[in-house]
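Visitor: Sequence:
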Amino acid sequence: MNQPQGTLAGLAMTATLLSAAAQAGTYPDYGYAPPDSYKGPTFTLSQNYPATPPKDGLPAFFKQLPAKPDNNFETWRAYMDAVKDYCLEGNVEADWYVENNKVRDWYHMPWQHYGPLGREGIHGMTKEAQIQSRQLASTQVATGQTYAVGIYNDIGAYTIGQVWKDPQSPDPSYTSKPNSFANGTVVCKALFADIDRSTVPFLVNPVLWTGYITETFQSANRTVREVALIQMDIAVRDTRISDTGWIFGTFQYNGEKTGKPGWDNLVPVGIMWGNDPEVTSNDFTNPQPTETRINPALKQTAINANTQELPPTHLGWNGRLNGPVDNPNSACMSCHMTAESPQLAIMNPLFQADPPPVGSPEWMKWFQNIPAGQPFTPGTRSTDYSLQMSGGLVNFYQWKCDMSGIYADGSNACAKVASMKLKMARPSDTAPQDAPRVMRDPSLEQLLE
Numbered sequence: 018m019n020q021p022q023g024t025l026a027g028l029a030m031t032a033t034l035l036s037a038a039a040q041a042g043t044y045p046d047y048g049y050a051p052p053d054s055y056k057g058p059t060f061t062l063s064q065n066y067p068a069t070p071p072k073d074g075l076p077a078f079f080k081q082l083p084a085k086p087d088n089n090f091e092t093w094r095a096y097m098d099a100v101k102d103y104c105l106e107g108n109v110e111a112d113w114y115v116e117n118n119k120v121r122d123w124y125h126m127p128w129q130h131y132g133p134l135g136r137e138g139i140h141g142m143t144k145e146a147q148i149q150s151r152q153l154a155s156t157q158v159a160t161g162q163t164y165a166v167g168i169y170n171d172i173g174a175y176t177i178g179q180v181w182k183d184p185q186s187p188d189p190s191y192t193s194k195p196n197s198f199a200n201g202t203v204v205c206k207a208l209f210a211d212i213d214r215s216t217v218p219f220l221v222n223p224v225l226w227t228g229y230i231t232e233t234f235q236s237a238n239r240t241v242r243e244v245a246l247i248q249m250d251i252a253v254r255d256t257r258i259s260d261t262g263w264i265f266g267t268f269q270y271n272g273e274k275t276g277k278p279g280w281d282n283l284v285p286v287g288i289m290w291g292n293d294p295e296v297t298s299n300d301f302t303n304p305q306p307t308e309t310r311i312n313p314a315l316k317q318t319a320i321n322a323n324t325q326e327l328p329p330t331h332l333g334w335n336g337r338l339n340g341p342v343d344n345p346n347s348a349c350m351s352c353h354m355t356a357e358s359p360q361l362a363i364m365n366p367l368f369q370a371d372p373p374p375v376g377s378p379e380w381m382k383w384f385q386n387i388p389a390g391q392p393f394t395p396g397t398r399s400t401d402y403s404l405q406m407s408g409g410l411v412n413f414y415q416w417k418c419d420m421s422g423i424y425a426d427g428s429n430a431c432a433k434v435a436s437m438k439l440k441m442a443r444p445s446d447t448a449p450q451d452a453p454r455v456m457r458d459p460s461l462e463q464l465l466e
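Position one of the sequence shown corresponds to residue 18 (this note's numbering), numbered consecutively onward.
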């Protein structure tokens with residue numbers, strides 16, 4: 018982590034200056050423009066959010082929700098296949114430049130461009146987590162890094178548009194009780210690994226993207242190079258799911274499935290619709306996998322048991338669902354339920370100096386079942402399981418502090434930051450608190466210091 022301080026600060030300022038391009042009703046496409054030597058396509062933010070709720074009805078795959086959800090993955094296989102098809106249809110042909118999708122409309126979350134981790138200009142990927150040694154396979158000794166891009170269907174995009182209707186005053190009340198993302202919202206997120214692929218058997222026959230990414234996880238210097246598709250996450254807002262109102266799923270790339278590169282090589286890891294708050298043991302956590310350890314005690318997670326299809330993977334805490342580049346001490350729903358504004362919650366109990374004992378009541382706060390639209394921290398607004406939304410709001414208010422200059426009363430924007438956080442929190446008597454950055458890896462915080 019011995020990174021010179023001035024370099025990161027300089028990159029942050031570059032992204033800040035680019036972010037100043039935000040005009041009324043429009044948001045910057047990316048924060049890191051590729052060098053002039055790059056001659057390929059560049060990323061365009063899909064931001065023509067629907068002004069009225071879409072009237073085309075729910076996605077067709079809603080009919081395939083199991084009548085009695087259980088922890089047998091085969092109950093869910095047809096549903097997961099249908100959601101994957103929904104996410105990929107038209108996007109694979111467009112190389113995920115979703116504005117060119119000829120089948121259905123997809124949209125991006127604004128304000129992901131800002132700061133040292135912000136969107137790069139080729140595929141719109143943001144810097145996410147470090148890949149630890151042996152996290153992917155026993156043969157993978159070197160570390161790596163992850164980049165990702167997420168998209169929302171038109172149902173979800175309507176809510177995004179309502180939150181960001183006023184570009185200078187976003188309003189997260191649209192995602193917080195009594196509101197939330199509307200039934201039928203679908204989120205798809207493609208994740209790519211910058212890793213020595215020869216050490217990860219399932220990355221044979223890779224799907225490769227070109228990105229303008231940092232040279233290493235610790236570096237601030239960017240270069241144009243290839244990254245490999247490793248994971249795709251899905252999230253579906255479904256009011257039939259009583260405990261949380263959401264379904265999360267994950268797919269892992271396995272290039273041996275078809276023997277040739279292709280998005281068809283994404284195989285299901287599993288699906289979850291709750292955090293199993295009654296299961297407090299820690300017998301199945303497996304951060305350096307040689308096998309996939311499935312916890313039969315979990316009733317709100319279903320993991321694919323087909324070892325011919327799914328390579329060994331670490332899953333999440335105590336066998337809950339997580340993908341190969343995710344934190345093995347968390348879970349899909351666990352980290353996403355902390356999404357709020359202002360973002361006062363950390364994403365995992367281990368992301369603090371003195372973490373609680375594993376499985377203790379304090380630890381289990383991160384593995385409770387929170388209904389859609391209910392914030393993790395009292396006094397904040399929920400961004401309804403959307404970390405992209407909460408992260409974008411943090412970015413916006415940090416930009417307001419750094420770049421919006423002098424107010425009419427003569428004070429600098431940074432002097433207003435406490436009142437901004439109060440406005441974000443509502444009710445207005447909530448005490449201001451520092452808002453942590455929204456990130457999936459605490460090591461990123463060290464890079465930004």
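Take the hints with a grain of salt, since some may be wrong.
What follows is a set of in silico ranges between Cβ atoms, one per label pair, in the way DEER data are often shown [to be verified]:
hint, residue 1, residue 2, range
1, Pro70, Glu308, 41 to 47 Å
2, Asp112, Gln305, 31 to 37 Å
3, Asp112, Glu232, 20 to 26 Å
4, Pro70, Thr233, 40 to 46 Å
5, Pro388, Gln305, 31 to 37 Å
6, Val241, Pro304, 30 to 36 Å
7, Thr69, Glu295, 39 to 45 Å
Honestly, the hints are just simulated from the structure, not real lab data.
Keep in mind the model is a prediction, meaning the values are calculated, not measured.
Glycine is no exception: its CB is placed at the ideal position from the N, C-alpha and C atoms.
Visitor: Holds or violated: the 20 to 26 Å window for the beta-carbon distance between Asp112 and Glu232?
Guide: Given about 24 Å between the Cβ atoms, the range holds.
Visitor: Could you say whether the range 31 to 37 Å given as a hint is met by the Cβ separation of Asp112 and Gln305?
Guide: Once the Cβ atoms are compared, 34 Å apart, the range 31 to 37 Å for Gln305 and Asp112 holds.
Visitor: Starting from the range 30 to 36 Å, see whether the pair Val241 and Pro304 falls in it by beta-carbon distance.
Guide: 32 Å, holds
Visitor: Does the Cβ-Cβ separation between Thr69 and Glu295 fall within 39 to 45 Å?
Guide: 42 Å, holds
Visitor: Given a hint of 31 to 37 Å, does the C-beta separation of Pro388 and Gln305 actually sit inside it?
Guide: The hinted range 31 to 37 Å holds for Pro388 and Gln305, with Cβ atoms some 35 Å apart.
Visitor: If you check the beta carbons of Pro70 and Thr233, does the distance land in 40 to 46 Å?
Guide: 44 Å, holds
Visitor: Hint says 41 to 47 Å; check whether the CB-CB distance for Pro70 and Glu308 agrees.
Guide: Cβ of Pro70 to Cβ of Glu308: about 46 Å, so the range 41 to 47 Å holds.
In this structure, every one of the numbered hints holds.
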